[in-house]
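Those protein sequence lines, which keep their order, are chains A and B. So the first sequence is numbered by our numbering: it starts at -7 and just counts up by one. So the second sequence is numbered by our numbering: it starts at -7 and just counts up by one.
Careful: at least some of the hints might be erroneous.
As the list makes no split between identical chains, a pair holds if one copy fits it or if it spans any two.
What the hints assert, rightly or not - For lysine to any residue, the following SDA-like pairs were computed, each having C-alpha atoms within a straight-line distance of at most 20 Å:
| id | residue 1 | residue 2 |
| --- | --- | --- |
| 1 | Lys35 | Glu58 |
| 2 | Lys71 | Gln(-3) |
| 3 | Lys107 | Gln47 |
| 4 | Lys71 | Leu21 |
| 5 | Lys107 | Thr24 |
| 6 | Lys3 | His43 |
| 7 | Lys107 | Ile20 |
| 8 | Lys46 | Ser5 |
| 9 | Lys46 | Cys117 |
| 10 | Lys56 | His67 |
| 11 | Lys56 | Ser5 |
| 12 | Lys46 | Asp113 |
| 13 | Lys71 | Tyr(-4) |
| 14 | Lys44 | Asp113 |
| 15 | Lys107 | Ala80 |
| 16 | Lys44 | Ala114 |
| 17 | Lys46 | Leu1 |
| 18 | Lys56 | Lys71 |
| 19 | Lys44 | Lys71 |
Rather than coming from a laboratory, the hints here were simulated on the basis of the structure.
Number of protein chains: 2
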Amino acid sequence: MVNYQKIELGKISEIIKHENGKVFLHDILGLTGCEISVNTVPKNFKTPFNHKHKQNEEVYIILKGEGIITVDNDHINVKEGSVIKVLAAASRTIENKGDNELSFICIQTKENSLKQFGVGDAELC
Amino acid sequence: MVNYQKIELGKISEIIKHENGKVFLHDILGLTGCEISVNTVPKNFKTPFNHKHKQNEEVYIILKGEGIITVDNDHINVKEGSVIKVLAAASRTIENKGDNELSFICIQTKENSLKQFGVGDAELC
């Protein structure tokens, strides 16, 4: 049994050519602990709807560009290196407010599902 | 109650200035579903030890540079846009084989912890 799976997305900036500027990794890689989207969206892009989650917290990691993530009534400026955790119960949208593309990764995991991590979960071999 | 937390990492390339070229997000952001490290490591960097995990699968997303991820006995070339899922039971290391910095994100989640995702977990609001 092979203990890994690999895909090639190509340059992150070229993900803009995919449908809605997104690639979802869960189904492609058979992930069992998270859904991940890798995104590059054009100027003026905005999530087409406000949404909350039932079980899952999200982490947004901004790789390039400038935008606004709105969580409930807070408008949060983001740029390269901004990282935001959003709890399931919050409504959220992301908007590209820069003159160029906005690239980001969004990671969705079940709240309170991580039991141990780092050295606590590692085993030297 | 505020439903989000934000930090600023600054430019991803400058994470090389942090200890071991890594920033771990779990404790900083109070994550409950994953540990995430954001990494920029110098030429010739190699994980100092082979390790497996007890519970957690990992996803490596390469943002910049060129390297080799070794999973068990397989040496896998990676570059911008390469994404690899590694099961808990596999041993793994990552090595920078390029002439420049290697930037990547590593996401650690408990295997089989995600119960629903995407539209199945979303609620319009």
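Verification of the hints:
no.: 1; hint: Lys35 / Glu58; verdict: within (9 Å within a copy, 29 Å between copies)
no.: 2; hint: Lys71 / Gln(-3); verdict: between (30 Å within a copy, 15 Å between copies)
no.: 3; hint: Lys107 / Gln47; verdict: both (16 Å within a copy, 8 Å between copies)
no.: 4; hint: Lys71 / Leu21; verdict: between (28 Å within a copy, 17 Å between copies)
no.: 5; hint: Lys107 / Thr24; verdict: both (15 Å within a copy, 9 Å between copies)
no.: 6; hint: Lys3 / His43; verdict: neither (29 Å within a copy, 29 Å between copies)
no.: 7; hint: Lys107 / Ile20; verdict: between (25 Å within a copy, 17 Å between copies)
no.: 8; hint: Lys46 / Ser5; verdict: neither (31 Å within a copy, 35 Å between copies)
no.: 9; hint: Lys46 / Cys117; verdict: between (38 Å within a copy, 12 Å between copies)
no.: 10; hint: Lys56 / His67; verdict: within (18 Å within a copy, 30 Å between copies)
no.: 11; hint: Lys56 / Ser5; verdict: both (9 Å within a copy, 12 Å between copies)
no.: 12; hint: Lys46 / Asp113; verdict: between (27 Å within a copy, 5 Å between copies)
no.: 13; hint: Lys71 / Tyr(-4); verdict: between (32 Å within a copy, 16 Å between copies)
no.: 14; hint: Lys44 / Asp113; verdict: between (31 Å within a copy, 8 Å between copies)
no.: 15; hint: Lys107 / Ala80; verdict: both (18 Å within a copy, 14 Å between copies)
no.: 16; hint: Lys44 / Ala114; verdict: between (33 Å within a copy, 6 Å between copies)
no.: 17; hint: Lys46 / Leu1; verdict: neither (29 Å within a copy, 29 Å between copies)
no.: 18; hint: Lys56 / Lys71; verdict: both (6 Å within a copy, 18 Å between copies)
no.: 19; hint: Lys44 / Lys71; verdict: neither (23 Å within a copy, 34 Å between copies)
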